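Residue numbers (this note's numbering), protein chains in the order written: chain B, 1 to 426; chain D, 1 to 426.
Treat the hints loosely; a few may be bogus.
To be verified - Quick list of in silico lysine-lysine cross-link-like pairs, BS3-like style, CA-CA up to 30 Å:
(1) B:LYS355 to D:LYS69
(2) B:LYS193 to D:LYS182
(3) D:LYS324 to D:LYS28
(4) D:LYS182 to B:LYS22
(5) D:LYS182 to B:LYS69
(6) B:LYS192 to D:LYS324
Please keep in mind that the hints were generated in silico from the structure rather than gathered at the bench.
The structure presented is a predicted model; accordingly, all values stated were derived computationally and were not measured.
Number of protein chains: 2
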Amino acid sequence: MQTSIPRIIIIGGGFGGIQAAKSLSRSKVQVYLIDRNNHHLFQPLLYQVASSALSPGEIAVPIRSVLSKYRNVSIIMDEVTSIDTNRRTVLMTNGSLEYDWLIVAPGSRHSYFGNEQWEQYAPGLKSLSDALKIRENILYSFELAEKFYHTSDAHKYLTFIIVGGGPTGVEMAGAIAEIARKTMLRDFPLIKKSDVRVILVESGTRLLSSFSEELSEYTKNALNSLGVEVLTGIRINHVAQDYVMAGNQKIDAKNIIWAAGNSASPILKSLNIPLDRSGRAIVNQDLSIGGCDNVFVIGDAAKHTNPNGSETPGIAPAAIQQAKYVAKVIAKSLPTSERPPFRYFDKGSMATIGKAKAVAMVGSFKSKGLFAWLMWSFIHVFFLIDFRNRFRVMLEWIWYYLTNRPGARLIIYSKKTVHDIKHDKQ
Amino acid sequence: MQTSIPRIIIIGGGFGGIQAAKSLSRSKVQVYLIDRNNHHLFQPLLYQVASSALSPGEIAVPIRSVLSKYRNVSIIMDEVTSIDTNRRTVLMTNGSLEYDWLIVAPGSRHSYFGNEQWEQYAPGLKSLSDALKIRENILYSFELAEKFYHTSDAHKYLTFIIVGGGPTGVEMAGAIAEIARKTMLRDFPLIKKSDVRVILVESGTRLLSSFSEELSEYTKNALNSLGVEVLTGIRINHVAQDYVMAGNQKIDAKNIIWAAGNSASPILKSLNIPLDRSGRAIVNQDLSIGGCDNVFVIGDAAKHTNPNGSETPGIAPAAIQQAKYVAKVIAKSLPTSERPPFRYFDKGSMATIGKAKAVAMVGSFKSKGLFAWLMWSFIHVFFLIDFRNRFRVMLEWIWYYLTNRPGARLIIYSKKTVHDIKHDKQ
């Protein structure tokens, strides 16, 4: 199968994988990008699909469309089952493919720290199908709460627990508070605002631990003013069908959302190299892996330490920088000795907390409130993959902020995806 | 449970059910609308979701939103299991409810004429989840055809068979031809236009039998020019996982879409009245059913004969007219003797055949081509349930006709919904 021009396989069509393909499109190489899905997902806005603010089509775009103008890039929709670095081969469900260079960018799933059975009750938020599952759970819970309003079960359906106080958990909690304590109430005459509880549980001492203490405090207050109860320093010890144990406290809830931990893609195991406890590949300074100078791991599947000792975070801008770096190494066929170490350039980080509120940190510069939120909106719309989606999302947001009515409140797959669709009693 | 003001139950949130609720909103009655879904669906555009031209959110809207301003209307999201006319009770999966008046508007499903096992290979097109299933099948077939292009199986994935030459079948065939023989090809470098076959099979002698012969002929030619092979006078005798028997001819195909027959909702059986062979309730001239002057069946679940002997068609305008009629009878509590017979007023019918082509018939007035298509577009956008969706669909269409790139080409649920996801060989 070896051809005269080098063959590069990219595993994963996330931010890193797409950027790698783009950066290699001008080189004399043949690129294969493999993803189990047909779409690239703008994951930072996934929580807005879960909260019905946006539709799937507004944050996702077919990978083929994104890359259709690059003639040396082929897309394969398939699931990678393992990597054989000795035979330089990637094995998929339907066939296998040999490579000269390999870029592994498979991302991560949520981790339940060994309690994987919790997933059925507390879905995480990584894929469109996760987001739709959470959305349908929320919408269907309101239907059941309205129907069984005068029974003792109603409060369970109206209690929303978000586990994990990182950016995803904070954004999710803010978005759920807005839809559940505001938007939805107009359509459900029996349910009152005071019936709805949104609880954010964080085991550490403060929310957004990667931000400054001041911004953490601001975030907590902003969430409180949206009606979110914030519990810090409390660990979730058990998750069941209709309750959680938060420390020693039992909280009844039918809507539990997991935003507490990540675990890198299991295909990394087949590389036979040391992984950290989140399952990430511990990579060299040039992002290659031990013993294979033609195999790179990038994005949140890689644990990379910068020359200054800091760790590269698992966020989109880092994956994109890594992809560009690796593409350059490959395009020039640099031997290991000539590769400069990869250096992450921190462009800052941000999280939004509902309408017109956000926190942002760029180096020592900190911002909060409306200005941070405008910055957040601008950057997120700007980086949406194609023009069309930018345009749609902007329209959606303008519509939403004028009318307070998100549009995407459809239960389509309920019979298959919502757990426990039948009410317990009867 | 009997209250002093009359209690009206409406089963079904389609065109008939929604209109009935609206028409009764000004009367001193309590209305309950029961639907198993949380959304009203603009079914005439469902084929555009199946062909990726529109997103689910653009043709569906939560029933609660549509009716939220009517304070005497309550929405119940539940599945009706049976109707007990003696006890004047509707039984649902989660509980039951008594009525003084009942409006049954449950719609219909597709019918396989006793071959229900065909459904797994040839899905019909009635719900959003049907449409998404068909869409994901189409998109995934292209992925497999590209991957296995050099095997003898590729042509199966690129053959699309639509069974039934009524309006749904014609619209579906036109839409699939446009996406499969035009739009998709840009993203799949191996697949050529000539590899793609779209076949419309009709057992009768001509397409659109409810239209004039001239319009049938025009439709056939218009489909041919889009690359659709039209087979008339040929019956589908067998449907299997990857082929159909069309008459004596075996046609290999992985994409089979059923648009051949309807069968009314099975809950009508519990009414214990005569049904026609499509399972529809044979209703009286006032749309009530034999022996129950407080129970009405409307929409495509009813077989109604007009005073002039013509049959009321199972289309949205008819359901809306029936709903208004029944609401008036109920609001005035008219006894049977004082009810005028329901009379269907024919506002015409139309079908579209791809970009800028349609046929329309209003009484003896016939139209075809661009003018009919503009009429069709205007009427469909105009009748879309809420302003917001009108606006979005218009934008979508403008975008689509300018760029030829539909947006909603996402495979989200493939692992669960697409039949036979794994390639046969290997």
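Problem - Hints breached by this structure - result: As far as the earlier hints go, 2 and 6 are violated by this structure, in ascending order.
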